[in-house]
Amino acid sequence: MDLSTTNFIGDLVREYSPYSWVASIVNGVIAIVAIMAVGVGPSPMLIWWERKVAAFTQARLGPMRVGPWGLLQTVCDVIKLLFKELITPHGADKLLFFLAPALPLTGSFLVLAVIPWDHNLQVANPGMGVPFIIAVSSLGILGTLLAGWSSNNKFSLLGALRCGAQMISYEVSLSLIMLFVVLMSGSADVREIVLSQQGNVTDWWIIKAPFLGIAAFVMYMISATAELNRGPFDMSEAEQELTAGFHTEYSSTAFAMFFLAEYINMVATSALASVFFLGGFLPFAFPDFGFAPIVGVVASINGALAILPGFFWMAGKILFLITLFMFFRWTYPRPRVDQLMSLEWKFLLPANLILLGLGAVFIAFGLILP
Amino acid sequence: MIADIGFYIVAFAMLVSAIWAVTAKNILHSALALIGSFFGTAILYLMLSAEFIAVAQVLVYIGGVVIFVIFIILLTSRLGDKAEIAPAMRKILAFALCSAMLGTFLHALDRAGYLVNTKTATAASDFASMRNIGLRFLDPGANGFLVPFEIISLLLLITVIGAIVIARKEGE
Amino acid sequence: MQEYLPLASFLFLGAFMAGSAMLTAKLIAFESGPNAKKNEAYECGVETFGDARIQFKVGYYLFALLFLIFDIEALFLFPCAAVFREAIGGVSGLTAFIVMADLGLFIFILGAGLVYAWRKGALKWG
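Just so you know, the sequences run in chain order A, B and C.
Whatever position you read off the first sequence (first residue = 1), add 36 for the working numbering.
Whatever position you read off the second sequence (first residue = 1), add 229 for the working numbering.
Whatever position you read off the third sequence (first residue = 1), add 23 for the working numbering.
It should be emphasised that the hints constitute simulated quantities derived from the structure, not laboratory data.
Keep in mind that this is a model prediction, so the values were computed, not measured.
Take these hints with a grain of salt, some might be off.
[Claimed, not checked] Straight-line distance between alpha carbons at most 27 Å, and here's what the computed BS3-like set of lysine-lysine pairs gives:
id, chain 1, residue 1, chain 2, residue 2
1, A, K88, A, K116
2, C, K49, A, K130
3, A, K190, C, K49
4, A, K382, C, K147
5, C, K80, A, K382
6, C, K49, A, K116
7, C, K61, A, K190
8, A, K190, C, K60
9, C, K61, A, K116
Please work from the sequences and hints to get the whole structure.
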């Protein structure tokens with residue numbers, strides 16, 4: 037059994053069970069537990085981390101009272117939210133109102149499921165991984181639109197429309213950048229994309245495609261920030277204009293679900309960025325440029341770095357990218373809605389189309405680094 | 230055997246959501262029910278091991294068309310509250326037209342020998358794989374779909390132009 | 024097909040989680056009883072007026088339409104992008120020039136659509 041390409045637990049079950057669907061069900065159950073642990077578990081930690089980053093950016097201390105350095109603050113907040121009353125506003129469409137919070141959550145779980153966390157840590161690896169990710173991430177948009185409409189509140193509807201317009205616009209950019217990565221690596225399989233970056237740092241797509249890689253990465257980060265509705269692009273909750281946007285009427289755990297989905301989405305988006313551009317679960321390795329005096333030293337350093345399992349590298353890259361998202365939020369002022377839409381349709385989209393064409397030319401003329 | 234049971238469950242769910250989509254009083258509920266029906270179609274494609282088409286179904290219909298429809302219902306959301314009740318005459322006409330269409334389809338399928346299918350699917354699992362589809366899109370030969378592929382982009386261009394022309398008329 | 028079965032369980036996971044969280048809140052949270060003021064839509068404390076479901080400028084639908092078109096475009100380009108290296112290498116008997124020209128034309132026509140929308144002022148929000 038080749039450990040680097042197989043789905044470990046599933047194949048183990050497949051060996052002992054005559055029915056292959058048993059393996060799939062066992063896989064599914066284990067996957068749910070694992071994703072709960074890696075996807076949902078860090079979310080309270082990330083909320084704490086975000087508050088700390090915000091505080092340090094503004095020369096404050098942030099939460100300090102509950103637990104050491106305020107580590108238990110989020111736990112308290114969650115418990116508080118659980119004891120809040122779930123209010124259904126007058127005139128709300130009950131079915132849609134309570135269905136809406138589940139949709140973004142489902143969408144982000146489905147994205148988490150196809151992300152390769154390590155060589156053997158992936159719930160499912162459909163050959164159509166990248167189009168699948170684009171397809172399911174639209175569930176988040178659906179949830180937003182339905183939440184805004186069903187609340188029977190002017191601010192909610194306005195917020196949902198703005199947020200929906202923003203998300204569908206940047207979805208276009210994101211899918212074109214993913215297309216660029218597929219073009220580069222020659223596969224739409226998420227694991228294959230990671231494995232196409234094997235080697236040292238210069239084999240990561242951010243560097244391997246000269247200039248284009250870094251441009252694509254920067255555009256991915258901008259579009260992802262807008263897609264996640266995070267500051268500075270948090271138009272949907274521009275509080276001085278729209279109260280709280282599409283989730284104004286949500287209270288208690290229903291609100292918590294939107295909040296949770298936002299953070300899980302941030303984990304998923306960062307994980308995808310690391311898969312596409314930063315080598316995913318592959319360890320960091322220095323290049324030696326074939327320069328004889330350093331080859332031995334570099335090889336031993338790289339060997340030492342590769343001891344850490346892939347999952348840690350993946351987690352490290354994700355944490356780095358998430359912190360980057362947090363810096364964006366607390367550094368830049370918020371643009372106007374029309375500026376945001378212009379940025380997408382008049383700058384990012386044409387730039388993406390050109391990027392795609394240049395990528396094809398680079399491949400044709402062999403300009404991709406070996 | 231399991232696949233057969235799966236097929237009937239999915240088909241039943243599709244039928245229920247399709248009926249819900251047609252009969253719902255609220256158009257937004259209709260749009261939601263449409264998702265169920267589209268999703269069922271995607272599962273059926275998957276069962277036929279047409280992976281790419283299944284993902285395309287979800288991407289274009291659920292992630293594209295339904296969101297488009299809901300976005301527009303939201304823009305004109307006065308309509309969202311209650312569906313217009315069609316006059317009885319129109320209902321009868323619609324029913325007759327739909328029955329005629331169903332009859333035509335059934336007849337055509339029967340003639341082609343697909344209505345009572347005794348053969349099991351034997352197509353190679355990579356027949357509709359992404360790689361094969363991609364290669365045939367780019368193939369100018371007799372076996373390829375180069376011209377239809379280019380015409381698709383032309384069709385999309387025409388859609389943009391048409392939509393803008395209509396929207397401008399309404400705006401002015 | 025096998026690969027998609029575990030994904031099916033994830034489909035229900037979101038609904039299950041959201042449902043159970045809201046049920047928990049319903050069960051353990053303090054409720055203050057029905058109250059006309061409490062259930063009113065929150066519009067910054069001002070009494071709500073008119074219908075919440077208002078009519079917007081229909082021209083915004085162009086953004087949704089452009090999204091749909093580029094969505095479909097990306098879908099068609101995915102299989103081509105995935106086999107591009109192979110096709111350009113001539114492995115599958117395709118000529119590199121024709122492959123480049125195809126994709127170039129496809130992207131160019133869509134770009135023309137975008138330029139048209141831009142020139143007609145359809146990309147203006149508000």
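Against the structure, the hints:
| no. | hint | verdict |
| --- | --- | --- |
| 1 | A:K88 with A:K116 | holds (20 Å) |
| 2 | C:K49 with A:K130 | holds (15 Å) |
| 3 | A:K190 with C:K49 | holds (26 Å) |
| 4 | A:K382 with C:K147 | holds (10 Å) |
| 5 | C:K80 with A:K382 | holds (21 Å) |
| 6 | C:K49 with A:K116 | holds (14 Å) |
| 7 | C:K61 with A:K190 | holds (17 Å) |
| 8 | A:K190 with C:K60 | holds (17 Å) |
| 9 | C:K61 with A:K116 | holds (19 Å) |
Violated hints are absent here; each numbered hint is respected by the structure.
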